[in-house]
Amino acid sequence: MSAPSDAAAAVDTPAPTTAAASSSGGFTFKLHPLVIVNVSDHHTRVKAQAACSGDSSSSSSGAGAGQPPRVFGCVIGVQRGRTVEIFNSFELVLDPVSGTLDRAFLEKKQELYKKVFPDFYVLGWYSTGSDVHDTDMQIHKALMDVNESPVYLLLNPTINLSQKDLPVTIYESELHVIDGSPQLIFVRSNYTIETVEAERISVDHVAHLKPSDGGSAATQLAAHLTGIHSAIKMLNSRVRVIHQYLVAMQKGDIPMDNSLLRQVSSLVRRLPAMESQKFQDDFLMEYNDTLLMTYLAMFTNCSSTMNELVEKINTSYERPTTRRGGRGAFM
Amino acid sequence: MESLEALVAHIQGLSGSPEEVAHLHSLLKQADGDSLRAHAAALVPFLAYLSPETHSLGYLYLLEACATSGSNLSEFGGGDFLVTIAGFLTACSADQIRLAPDKFLNVCRVLKDQVMQLNMPIRGIAPLRAAVRKIQSSPEQLTPVHADYLLLCLLAKQYMAGLSILEDDIFEVDQPKDLFLYCYYGGMIYIGLKKFPKALELLHNAVTAPMSMLNAIAVEAYKKYVLVSLIVNGQVPSFPKYTSVSAQRSMKNHAQIYVELSTSYSNGRYTDLETFVQANSATFQSDNNLGLVKQVLSSMYKRNIQRLTQTYLTLSLEDIARSVQLETPRDAEMHVLRMIEDGEIHATINQKDGMVSFHEDPEQYKSVEMVEHIDSSIQRLTALSKKLASIDENMSCDPAYLMKTGRDRGRFDGRFDYDDYDSVPHKFF
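Residue numbers (full-length UniProt numbering), protein chains in the order written: chain R, 1 to 331; chain V, 1 to 429.
Among the hints, a few may not be true.
[As the list claims (entries may be wrong)] In the EDC-like style, the derived pairs of lysine to aspartate or glutamate whose C-alpha atoms are separated by at most 20 Å in a straight line are:
1) V:Lys366 to R:Glu275
2) V:Lys387 to R:Asp282
3) V:Lys386 to R:Glu311
4) V:Lys386 to V:Asp375
5) R:Lys278 to V:Asp272
6) V:Lys386 to R:Glu308
7) V:Lys103 to V:Glu167
8) V:Lys366 to R:Glu308
9) V:Lys366 to R:Asp282
10) V:Lys195 to V:Asp174
11) V:Lys177 to V:Asp272
12) V:Lys302 to V:Asp331
13) V:Lys103 to V:Asp174
14) V:Lys366 to R:Asp145
15) R:Lys108 to R:Asp145
16) V:Lys241 to R:Glu311
17) R:Lys114 to R:Asp95
18) V:Lys404 to V:Asp361
19) V:Lys404 to R:Glu318
20) V:Lys387 to R:Glu91
21) V:Lys241 to R:Glu275
22) V:Lys241 to R:Asp289
23) V:Lys404 to R:Glu311
24) R:Lys278 to V:Glu369
25) V:Lys366 to R:Glu318
26) V:Lys404 to R:Asp282
27) V:Lys198 to V:Asp331
[Stated by the list, open to error] Distance ranges between label pairs, derived from CB positions:
28) R:Leu235 to V:Gly354: 51 to 61 Å
29) R:Leu235 to V:Ser376: 18 to 28 Å
30) V:Ser376 to R:Asn190: 22 to 32 Å
31) R:Thr158 to V:Val371: 50 to 60 Å
32) V:Asn267 to R:Ile232: 36 to 46 Å
33) V:Thr348 to R:Gln220: 20 to 30 Å
34) V:Met355 to R:Arg240: 57 to 67 Å
35) R:Gln220 to V:Gly354: 53 to 63 Å
36) V:Ser212 to R:Ala218: 40 to 50 Å
Hints listed in this document are in silico derivations from the structure and should not be mistaken for laboratory results. For clarity, every value in this text was computed on a predicted model and none was experimentally measured. Just so it is clear, CB atoms sit at the ideal spot from N, CA and C, and this is done for glycine as well.
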């Protein structure tokens with residue numbers, strides 16, 4: 001076991017193990033959101049703990065002092081024919097010296113999960129990082145005795161605000177012929193997110209981070225309005241993108257794309273959705289009502305600031321007309 | 001002390017860039033003083049060599065020396081000297097004169113005195129308006145020139161000219177006297193223009209401004225304030241809590257008659273009010289308020305008619321005339337018609353049977369203009385609120401305030417005041 005892996009390692013390290021090629025295996029991957037939440041949680045926990053206790057520790061742990069440490073774990077799920085459905089995941093311990101997983105721990109965990117979920121098998125493993133590492137192939141091969149073709153799920157923990165997709169990539173291993181010798185390399189696979197209703201609700205809940213006691217009316221209203229505000233902001237940015245694109249097309253910077261223009265034109269023709277005098281009247285009335293309420297709220301805010309200011313000026317510069325105690329100056 | 005020619009040469013030479021002007025300024029300060037004034041008579045021909053725009057600073061020094069030299073200005077060819085000052089004020093460069101603000105103010109004051117002496121206040125209006133704009137570091141600052149300018153506008157009865165200055169909101173004040181005069185004169189100008197709500201605002205500021213001792217301007221302002229608030233609101237509000245203590249205590253004593261007028265007004269009977277006014281017309285005349293009092297009298301009708309709108313839906317013209325104590329239904333119709341045109345009530349007059357039906361405010365708030373109106377009000381309010389918050393912060397750091405509160409707090413041995421901490425956040429934007 002060790003000799004071939006050494007040879008493989010000797011051959012592997014000069015050649016790149018990453019591949020931009022997409023898989024031709026024909027497997028369909030379905031990913032449940034619980035896995036993503038688990039992996040990110042694991043990563044965040046380890047990062048937070050390392051930050052707490054790692055101020056004085058040496059830089060020998062993990063991948064350098066600047067980067068957060070990588071975490072590893074197993075993904076489990078069901079494979080039916082060509083469909084691979086990844087349901088759950090659990091953490092694993094990686095021995096930093098030898099670079100191998102703790103097999104005893106893995107087997108114990110596997111047994112425990114088997115008792116609860118008899119259908120689930122170990123389908124592969126996960127890790128975090130911005131791209132595939134050279135050492136990943138070793139771990140991948142090590143897992144091959146549990147599952148003949150494990151999957152490798154990579155989560156990119158760096159926050160990229162411009163990226164709109166999930167930072168999760170699923171890699172398979174395929175035997176390709178490179179420079180005359182067959183090698184295992186990672187190839188990307190497409191996946192879809194699959195949710196059960198219960199999962200959707202719980203992920204939604206976690207994502208919005210509502211206060212646990214339901215909050216007072218004020219915080220609930222603020223949370224609701226924040227949601228609407230971010231939705232409108234996103235709509236606005238999308239419309240702006242389309243607008244810039246059209247302007248550039250008009251100026252001639254971008255070649256004309258007729259199908260896109262047709263789509264935009266059909267979108268524009270669908271608006272305004274409602275066009276009647278009664279609608280205008282009602283809409284403007286409601287708009288004015290909301291504006292008046294905002295105005296009133298601002299007024300109240302201003303008046304209270306003014307009131308406090310006057311109190312302060314009175315306490316500093318005026319002789320009080322009646323003898324008041326220390327509390328008298330405050331509300 | 002250099003000779004005048006050398007000084008003039010310096011001025012001409014050193015008025016280019018800001019550094020040169022600063023150098024010139026220090027030279028002028030050295031040369032300034034009584035020695036310059038002693039040569040006042042000789043200075044005038046030199047002024048012809050300098051131009052007001054480029055050599056503003058030097059021109060200002062020489063001009064001020066002439067003007068405050070104490071000798072009669074008619075020596076300088078009176079009317080021409082006025083023209084010289086007026087020309088300077090309109091043409092000078094704002095940056096240069098801001099280096100010597102007190103001299104500039106002296107020159108303005110001399111202009112105003114001269115103009116009043118000649119009894120031609122209208123000649124001073126244009127130069128002083130330019131002067132106000134030049135010496136202000138921002139449109140929100142109050143200068144002594146404001147008060148002089150408004151006084152000239154009042155005397156010349158050019159109320160519209162004063163309006164442009166009055167429209168700016170004032171946030172910075174150096175001298176309290178400036179503020180009092182500004183508010184008082186400004187109030188009078190608005191009264192002249194019949195813009196009573198704005199007049200009320202300014203007079204209110206004059207009455208509630210902080211003062212350690214009661215001053216005459218505030219008392220006069222209070223008298224007009226009572227009258228104007230009767231015209232606008234029908235009642236005189238009590239002193240708000242930011243009025244100074246000295247004002248609260250003694251203001252009413254100096255304006256006793258006006259207080260009685262307001263109580264008689266609130267009774268709502270026209271004839272009583274009329275007799276009161278007749279009885280005290282001498283006092284009102286001496287305060288120069290008789291015209292305003294007559295307007296209060298005529299506003300009594302309006303007040304009563306407005307009170308009727310709250311009770312009746314329709315009313316005949318005879319009934320209106322009777323309850324408001326007018327002579328004939330024709331008078332009632334005239335009054336109601338005028339009020340409808342001014343927008344003070346909403347009603348329709350049915351001429352056939354002489355009935356007036358009162359309506360609700362027809363504003364439906366469904367127009368786009370209303371949206372813009374409210375939106376602009378909200379913007380203004382946001383700006384004001386920011387300013388207010390910053391003033392509040394400054395006040396919290398004020399040593400006088402901290403001393404007063406710190407001393408009271410000390411009694412509790414530094415115990416934390418839990419009331420100060422709120423669980424709900426106050427700011428949502």
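A quick look at each hint next to the structure:
1. Pair hint Lys366 (chain V) plus Glu275 (chain R) holds up; C-alpha atoms about 16 Å apart against a cutoff of 20 Å.
2. As the CA atoms of Lys387 (chain V) and Asp282 (chain R) are separated by approximately 36 Å, the hinted pair breaks the 20 Å bound.
3. Restraint check: the Cα-Cα separation between Lys386 (chain V) and Glu311 (chain R) comes to about 18 Å, which is no more than 20 Å; the hinted pair holds.
4. Pair hint Lys386 (chain V) plus Asp375 (chain V) holds up; C-alpha atoms about 17 Å apart against a cutoff of 20 Å.
5. As the CA atoms of Lys278 (chain R) and Asp272 (chain V) are separated by approximately 53 Å, the hinted pair breaks the 20 Å bound.
6. At roughly 15 Å between alpha-carbon atoms, Lys386 (chain V) and Glu308 (chain R) fall within 20 Å of each other, so this suggested pair holds.
7. For the suggested pair Lys103 (chain V) and Glu167 (chain V), the alpha carbons sit about 27 Å apart, so the restraint of at most 20 Å is broken.
8. Using a Cα cut-off of 20 Å, the hinted pair Lys366 (chain V) and Glu308 (chain R) is violated, with the two alpha carbons roughly 36 Å apart.
9. For the proposed pair Lys366 (chain V) and Asp282 (chain R), the alpha carbon gap of about 7 Å is at most 20 Å, so the pair holds.
10. Only pairs whose Cα atoms come within 20 Å are accepted, and Lys195 (chain V) paired with Asp174 (chain V) is rejected, the gap being roughly 27 Å.
11. This hinted pair does not check out: Lys177 (chain V) and Asp272 (chain V) have alpha carbons roughly 38 Å apart, beyond 20 Å.
12. Straight-line distance between C-alpha atoms of Lys302 (chain V) and Asp331 (chain V) comes to about 12 Å, which keeps the hinted pair within the 20 Å bound.
13. Note on Lys103 (chain V) and Asp174 (chain V): the hinted pairing holds, with a Cα-Cα distance of about 16 Å set against a maximum of 20 Å.
14. Between the alpha carbons of Lys366 (chain V) and Asp145 (chain R) the distance comes to roughly 74 Å, so the proposed pair goes past 20 Å and is violated.
15. The hinted pair formed by Lys108 (chain R) and Asp145 (chain R) meets the criterion: a straight-line CA distance of about 16 Å does not exceed 20 Å.
16. As the CA atoms of Lys241 (chain V) and Glu311 (chain R) are separated by approximately 9 Å, the hinted pair is consistent with the 20 Å bound.
17. At roughly 24 Å between alpha-carbon atoms, Lys114 (chain R) and Asp95 (chain R) are farther apart than 20 Å, so this suggested pair is violated.
18. About 50 Å separates the Cα atoms of Lys404 (chain V) and Asp361 (chain V), which puts this hinted pair outside 20 Å; it is violated.
19. Between the alpha carbons of Lys404 (chain V) and Glu318 (chain R) the distance comes to roughly 11 Å, so the proposed pair stays at or under 20 Å and holds.
20. Taking the CA atoms of Lys387 (chain V) and Glu91 (chain R), the gap is about 55 Å. The hint is violated against a cut of 20 Å.
21. Annotation: proposed proximity of Lys241 (chain V) to Glu275 (chain R) is violated, straight-line Cα distance about 52 Å (limit 20 Å).
22. Of the supplied pair hints, the one linking Lys241 (chain V) and Asp289 (chain R) is violated, its CA atoms being roughly 32 Å apart against a limit of 20 Å.
23. Restraint check for Lys404 (chain V) and Glu311 (chain R): satisfied, since their Cα atoms lie roughly 12 Å apart, inside the 20 Å limit.
24. Distance check on the hinted pair: Lys278 (chain R) and Glu369 (chain V) sit about 17 Å apart at the alpha-carbon level, within 20 Å; holds.
25. Only pairs whose Cα atoms come within 20 Å are accepted, and Lys366 (chain V) paired with Glu318 (chain R) is rejected, the gap being roughly 48 Å.
26. Of the pairs offered as hints, the one joining Lys404 (chain V) and Asp282 (chain R) is violated, with about 54 Å between alpha carbons and a cut-off of 20 Å exceeded.
27. A distance of roughly 29 Å separates the Cα atoms of Lys198 (chain V) and Asp331 (chain V); the hinted pair therefore is violated under the 20 Å criterion.
28. For Leu235 (chain R) paired with Gly354 (chain V), a C-beta distance near 60 Å keeps the hint of 51 to 61 Å intact.
29. Judged by the Cβ atoms, the range 18 to 28 Å given for Leu235 (chain R) and Ser376 (chain V) holds: they are separated by roughly 26 Å.
30. At roughly 53 Å, the beta-carbon separation of Ser376 (chain V) and Asn190 (chain R) lies outside the given 22 to 32 Å, and the hint is violated.
31. In this structure, Thr158 (chain R) and Val371 (chain V) break the distance hint of 50 to 60 Å, their C-beta atoms being roughly 44 Å apart.
32. Separated by about 57 Å at the C-beta atoms, Asn267 (chain V) and Ile232 (chain R) break the suggested range of 36 to 46 Å.
33. As the Cβ distance of Thr348 (chain V) to Gln220 (chain R) is approximately 48 Å, the hint placing it in 20 to 30 Å is violated.
34. Between Met355 (chain V) and Arg240 (chain R) the beta carbons are some 60 Å apart, a value that agrees with the proposed interval 57 to 67 Å.
35. For the pair Gln220 (chain R) and Gly354 (chain V), the supplied restraint of 53 to 63 Å holds, since their beta-carbon distance comes to about 59 Å.
36. A C-beta distance of roughly 43 Å is found between Ser212 (chain V) and Ala218 (chain R), which places it inside the suggested range of 40 to 50 Å.
Comparing the model with each earlier hint shows violations of hints 2, 5, 7, 8, 10, 11, 14, 17, 18, 20, 21, 22, 25, 26, 27, 30, 31, 32 and 33; every other hint is respected.
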